[in-house]
Amino acid sequence: MKRVALYAAALGFIAFAGFPFYWMLLTAFKQNRDLYVGAFDTQHVPWIFNDPPTLEHLRLLFGQTDFLSWVWNTLVVVVAVVVITVAVAVPAGYSLARLSGRWGESLGMGIFFTYLIPPTLLFIPFARLVSLLGLQDSLGALILIYPTMTIPFCTWLVMGFLRSVPWEIEEQAMIDGYSRLAVILKVAPRLIVPGILTVVVFTFTLVMQEFVYALTFISSVDKMTVSLGVPIALVRGDVYHWGALMAAALVTSIPLAIVYNLFIDRFIQGFTMGAVKG
Amino acid sequence: MIARRSWADREDVLGAAMLAPALAYVLLLVGVPFVLAIALSFSNAAAGSLSFGWVGAQNYAAILADPIFLRSLRNTAIVTVGSQVLVVVLATAAAQVFRVAFRGKRFARFVLLLPWAVPVSLAAIAWTWIFDSTFSVVNWTLKTAGLLHGWLYWLGDPGLALVAIIIVQAWRIFPFATVIVLAGLSSIPQEVVEAAIVDGAGFWRRLFRIELPLLLPVVAVAVLFGVVYTATDLGVVYILTGGGPANTTQVLPTLAFQRGIQGSDLGQGAAIAVFLLPFLVVVAVAMLRLARHTEVGAK
Amino acid sequence: MRTSTIPHNLHNLHNLPKGTMAGVDIRHLSKRFGDLHAVNNVDLSIREGEFLVLLGPSGCGKTTLLRMIAGLERPTAGEILIGGERVDDAPPRARGIAMVFQSYALYPHRTVSQNIAFPLEASRMPRAMIAQKVRWAAEMFDIVRYLDRYPRQLSGGERQRVALCRALVRDPKVFLLDEPLANLDAKLRNTARDELKRFQRQIKTTTVYVTHDQVEALGLGDRIAVMDGGKVRQIGTPQEVYEEPVDTFVATFVGQPPMNLLAARDPALPPGTLLGFRPEHFLPRDHFAAGEPLRTFGFAVRRVEYLGSDRYVYGTVSDDVIDEATVIAKLPATVGTTIPEGERLEFAVPQAALRYFDGATGARRP
Chain A
161 MKRVALYAAA LGFIAFAGFP FYWMLLTAFK QNRDLYVGAF DTQHVPWIFN DPPTLEHLRL
221 LFGQTDFLSW VWNTLVVVVA VVVITVAVAV PAGYSLARLS GRWGESLGMG IFFTYLIPPT
281 LLFIPFARLV SLLGLQDSLG ALILIYPTMT IPFCTWLVMG FLRSVPWEIE EQAMIDGYSR
341 LAVILKVAPR LIVPGILTVV VFTFTLVMQE FVYALTFISS VDKMTVSLGV PIALVRGDVY
401 HWGALMAAAL VTSIPLAIVY NLFIDRFIQG FTMGAVKG
Chain B
82 MIARRSWADR EDVLGAAMLA PALAYVLLLV GVPFVLAIAL SFSNAAAGSL SFGWVGAQNY
142 AAILADPIFL RSLRNTAIVT VGSQVLVVVL ATAAAQVFRV AFRGKRFARF VLLLPWAVPV
202 SLAAIAWTWI FDSTFSVVNW TLKTAGLLHG WLYWLGDPGL ALVAIIIVQA WRIFPFATVI
262 VLAGLSSIPQ EVVEAAIVDG AGFWRRLFRI ELPLLLPVVA VAVLFGVVYT ATDLGVVYIL
322 TGGGPANTTQ VLPTLAFQRG IQGSDLGQGA AIAVFLLPFL VVVAVAMLRL ARHTEVGAK
Chain C
66 MRTSTIPHNL HNLHNLPKGT MAGVDIRHLS KRFGDLHAVN NVDLSIREGE FLVLLGPSGC
126 GKTTLLRMIA GLERPTAGEI LIGGERVDDA PPRARGIAMV FQSYALYPHR TVSQNIAFPL
186 EASRMPRAMI AQKVRWAAEM FDIVRYLDRY PRQLSGGERQ RVALCRALVR DPKVFLLDEP
246 LANLDAKLRN TARDELKRFQ RQIKTTTVYV THDQVEALGL GDRIAVMDGG KVRQIGTPQE
306 VYEEPVDTFV ATFVGQPPMN LLAARDPALP PGTLLGFRPE HFLPRDHFAA GEPLRTFGFA
366 VRRVEYLGSD RYVYGTVSDD VIDEATVIAK LPATVGTTIP EGERLEFAVP QAALRYFDGA
426 TGARRP
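Chains as they are written, first to last, in this note's numbering: chain A, 161 to 438; chain B, 82 to 380; chain C, 66 to 431.
These are calculated hints, taken from the structure and not from any lab test. Be careful, since some hints might not be right.
Said to hold, decoys possible - Ranges of calculated distance between the beta carbons of each label pair, as one might list FRET restraints:
| # | chain 1 | residue 1 | chain 2 | residue 2 | range |
| --- | --- | --- | --- | --- | --- |
| 1 | B | 97 | A | 347 | 17 to 25 Å |
| 2 | A | 418 | B | 142 | 48 to 56 Å |
| 3 | A | 273 | C | 218 | 28 to 36 Å |
Unchecked claim - A few chain A residues facing chain B, derived, Cβ under 7 Å:
| # | residue |
| --- | --- |
| 4 | 173 |
| 5 | 252 |
| 6 | 340 |
| 7 | 368 |
| 8 | 376 |
Every value quoted in this text rests on a predicted model; they were computed, and no experiment measured them. All C-beta atoms, glycine included, are put in the ideal place defined by N, C-alpha and C.
Could you build the full structure based on these sequences and the hints that come with them?
The following block contains the structure:
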């Protein structure tokens with residue numbers, strides 16, 4: 161009896177979490193005449209394919225919209241921001257974890273807290289900054305500003321990760337004859353590869369999900385990122401092409417979800433400040 | 082001859098050098114803008130030019146007299162509190178279900194995490210479609226189940242729209258909270274739970290007297306993040322309702338965007354956004370307290 | 066953290082009521098995890114009021130056995146009876162047992178008095194009565210002054226007393242203890258052991274105690290059950306287990322340093338016999354009185370360890386043995402004979418102290 165209740169509850173939660181995605185899937189492949197039927201019509205069941213599925217929305221999406229440019233733009237920004245973040249946050253995290261002694265912990269926490277300062281406060285002064293630098297309506301603005309979100313959290317991630325890597329391996333290398341710098345350049349990287357990987361993945365997901373700054377700084381449709389373009393610019397006239405819209409949402413969500421799922425435990429460790437083992 | 086310490090061994094130099102870029106970035110591109118934001122709230126700066134003139138508390142006076150602003154403040158509070166309550170209930174319940182091993186758990190976990198993994202804007206647009214006045218699949222389901230007799234104009238009615246926003250925020254955040262609670266559950270020492278069993282506590286007594294109290298720090302972290310993500314979120318409201326109908330579902334972030342960016346009144350936009358700070362200060366203080374508690378504390 | 070001062074007389078002990086007593090019967094008990102027999106067909110009878118120690122190395126099944134008595138593990142086969150009643154299907158709370166875990170498992174978010182009160186709350190005792198009982202238990206262990214503190218503010222010894230308090234307060238029929246002294250400093254362990262034993266003698270509750278420390282076992286148990294590989298090898302009083310081991314495992318596990326075992330080459334003995342004698346019986350020949358029946362050995366001394374109250378002498382014996390064997394002698398400080406390293410001396414063992422074992426099975430030969 162308990163088992164049945166358990167499965168029922170699990171099903172309930174999964175249904176609640178997942179039905180929008182199922183709905184996305186249906187909408188993306190349904191023919192318009194199967195799709196645009198008023199919901200007051202209880203005879204027509206929207207939850208299944210009443211007509212055979214179609215690829216026309218996908219064709220529209222890839223052929224007649226700027227979706228592919230948006231994917232490209234997003235990719236450019238992602239790569240650039242990942243490079244910047246890894247280059248800045250990893251050494252910083254290492255420094256705070258290994259080289260900074262007592263105040264390293266507090267400084268690290270201070271840096272982490274800047275992650276809490278929301279984009280919806282900072283976008284006002286950033287607007288001024290971006291126009292000062294002449295970066296308005298360009299991907300450069302995003303490449304400059306996204307690291308302000310990724311660096312604080314990733315520094316903290318690396319710090320937390322290093323706490324679980326034994327110090328003794330590096331000490332051993334120093335006894336064996338390496339200078340401190342050599343240890344950092346030669347020995348440490350191999351040890352923190354999983355940490356670096358987590359940083360890359362986190363940065364990737366953050367950039368893909370970001371909406372506020374993109375909305376604030378990008379106005380030309382051809383320069384938009386996926387997260388911005390899909391809800392804002394996939395509109396023809398005043399009409400939402402829901403089929404294409406949901407197809408875009410689906411195409412973007414699935415890979416992201418898979419990647420995210422693989423790294424969820426590490427993220428949790430970071431979020432709970434290492435207080436909880438994932 | 083024994084080699085002398087070169088700069089390659091100077092830990093303090095190396096440490097500072099490795100930290101410097103991050104510190105510079107944070108200070109210059111977060112710290113300075115943060116201060117600038119507050120300064121802007123006392124100015125009449127406009128987005129088009131590089132002008133800057135002090136106007137004292139004029140912006141604050143203006144928005145505090147503006148019913149739309151007051152409403153947005155109220156809405157922010159309602160959405161944040163409402164969605165977080167829902168999140169805590171859902172997450173603790175879901176954690177109880179998902180802590181047990183069952184077939185297909187991996188797949189279940191994957192689906193459970195989808196709302197959290199998906200970009201906010203894409204989820205929001207999907208929900209806009211789900212709540213569409215004419216085609217809402219929710220309405221269809223409710224009607225077919227016999228639970229709906231009239232019609233729900235989700236995004237067209239001020240009250241309902243707020244409910245819709247709360248649902249979407251809770252939907253988005255509860256998977257993340259669930260995972261955190263699950264991790265917390267597994268960090269409760271096995272022997273403490275067994276001691277409670279031997280001491281005679283049944284399932285419910287154990288849950289409420291032993292497990293939940295010990296989970297409190299972890300749940301608190303989840304809630305705090307949830308508060309930050311909800312109160313400062315612009316995407317869900319912007320895409321779902323745009324702040325409408327007629328500015329009735331504005332929240333602080335969307336209003337700040339409307340006045341500050343779209344309306345080019347940076348001063349006013351900043352002043353509105355500043356009202357997010359009390360939320361965040363409370364969160365930061367609470368997190369600091371928690372961090373100290375978990376380090377010094379319970380063993 | 067300062068170590069707790071342990072009172073030398075628990076003067077409240079004479080006020081203790083005699084606890085309800087029950088014996089524990091274990092019949093053909095087995096626990097399997099997949100292919101692994103953690104507990105393999107164990108039969109054990111624990112008398113009312115007895116202090117029984119389950120002794121063995123890690124993985125021998127002693128903790129699993131304890132947990133099955135507690136009800137935290139379900140047996141794969143066999144029966145457990147407490148006070149004559151079968152308890153296999155009963156949950157822990159219905160068995161009348163109390164348990165002290167190795168980590169003490171105190172509730173970190175509750176004060177000491179709330180910790181002690183928890184089992185009483187679970188049994189729905191009225192509030193006033195709970196407060197009274199908590200006070201009574203705290204006085205008995207002299208921890209009244211800690212009642213409002215949290216576990217993290219207490220030392221190891223203090224936490225142990227709180228754990229005992231919590232276990233006692235429900236008047237259990239059987240006490241189960243899982244290596245409770247393992248987390249204490251070595252110095253504290255002796256006094257804690259003494260306290261524990263005196264306490265159990267007073268309240269006379271049946272106690273089952275798990276440990277891997279044979280000194281602890283010998284010091285505490287009325288009887289010891291030596292376990293290995295899921296089976297009970299021998300059960301007996303400390304004296305029986307020490308002086309009359311039933312096989313080579315018990316002989317070498319109990320006793321520090323372990324019993325010396327030599328593969329004897331003696332026509333008078335059956336082939337494959339192992340000769341055993343304890344280090345304290347292996348002494349210089351001229352220490353013994355004339356006429357005492359002895360077996361002598363040529364002992365090549367390799368190294369002497371001076372340990373204060375004893376000297377351990379490590380060396381080899383090669384006469385009358387199949388292979389040259391390392392042998393340890395334990396000389397008390399009262400035997401002052403000089404033992405120079407590198408020399409060959411004549412040592413002997415009283416015939417009465419010799420034990421004979423079958424080399425193939427390890428079993429004791431009478």
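Now the hints, each set against the structure:
no.: 1; hint: B/97 with A/347: 17 to 25 Å; verdict: 20 Å, holds
no.: 2; hint: A/418 with B/142: 48 to 56 Å; verdict: 51 Å, holds
no.: 3; hint: A/273 with C/218: 28 to 36 Å; verdict: 30 Å, holds
no.: 4; hint: 173; verdict: 5 Å, holds
no.: 5; hint: 252; verdict: 3 Å, holds
no.: 6; hint: 340; verdict: 5 Å, holds
no.: 7; hint: 368; verdict: 6 Å, holds
no.: 8; hint: 376; verdict: 6 Å, holds
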